[in-house]
Amino acid sequence: MSRPEDTLLADVHYDDVEARKYTTSSRIQNIQASMTRRALELLDLKTPSLILDVGCGSGLSGEILSDIPPEEGGPHIWIGMDISPSMLDVALQRDVEGDLFLADIGQGVPFRAGTFDAAISISAIQWLCNAESSETSPQQRLARFFGGLYQSLKRGGRAVCQFYPKNDVQKQMITSAAVKAGFGAGMLEDDPDTKNVKVYLVLTAGQSAVANTKSGDITGVVENMEGVDVVDNRRQGRSSGKGEIKKGSKQWIIKKKEQMERKGKVVKATSKYTGRKRRIAF
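Just so we're aligned, residue 1 is where the sequence shown starts under full-length UniProt numbering, counting upward by one.
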């Protein structure tokens, strides 16, 4: 079956007709509500929070965020960003409670550092895996998105992105981009090995706020949850101590520069002199 992201850009596919059709479908409404509640379960927010809804569309997920009762930690305040003017127009007509922002997430997340307590994204980030032009690669779009998302979240904040990967290669590309941006990342699958499988990427920004977890490891987030497969790429990639980057080496300096760039800081360009020791001057 063809996937719309393989043939059209999101803002082209979701024109006035498609945006209205998507929003009024009772089937889509039920699926969206179910996945949004699942994302909130993984976010595990105890108090009303400021949430970024990435790819908010017509505000179906936002309505769930606004309606969370106080005994469940809500209601939440949310800001939605989406590339489709038609989708946002439908959201305005529906008088949703969140603030709406027209933007392409493949160009980044244009908010100040530490703005949001958490973020969700339902059925959106797979669109980043298709380049909008020959000059822009999926890897570049994913890097800009996850880099901006990491910066916009408070340290210890969490993001949950539900998406529909085309294959394992695409799944790995998305997860790797999140880890390179600085996130602790883990992938969950509800109803695995069925045609209704739902994939969730759970991300922590900086030191995890979850008890019994270290260095952004998200395993504790989903501990004892039934029907979920956990694939934690960070845990699999940890070294036993061999081949670690030596502090002060060129590789160590380059890594530190990349970390500073992700935080929005200006650093000097890397050159052949980077990491070289200076001669002692007499």
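Since the hints were derived computationally from the structure, they do not count as laboratory data. Some hints here could point you the wrong way.
[What the hints assert, rightly or not] Heads up, simulated BS3-like pairs for lysine-lysine below, C-alpha to C-alpha not over 27 Å straight-line: (1) Lys198 to Lys166; (2) Lys277 to Lys250; (3) Lys257 to Lys272; (4) Lys257 to Lys46; (5) Lys154 to Lys166; (6) Lys180 to Lys246; (7) Lys166 to Lys46; (8) Lys268 to Lys250; (9) Lys195 to Lys171; (10) Lys154 to Lys272; (11) Lys154 to Lys195; (12) Lys180 to Lys255; (13) Lys246 to Lys21; (14) Lys154 to Lys21; (15) Lys257 to Lys277; (16) Lys255 to Lys171; (17) Lys265 to Lys255; (18) Lys255 to Lys198; (19) Lys166 to Lys180; (20) Lys180 to Lys247; (21) Lys166 to Lys195; (22) Lys255 to Lys21; (23) Lys180 to Lys265; (24) Lys265 to Lys247; (25) Lys154 to Lys46; (26) Lys180 to Lys195; (27) Lys255 to Lys277; (28) Lys46 to Lys21; (29) Lys272 to Lys246; (30) Lys265 to Lys277.
Model, not experiment: these values are computed from the prediction.
Check your understanding: What are the numbers of the hints that this structure violates, sorted from low to high?
Key -> As far as the earlier hints go, 4, 5, 7, 10, 11, 13, 14, 18, 22, 26, 28 are violated by this structure, in ascending order.
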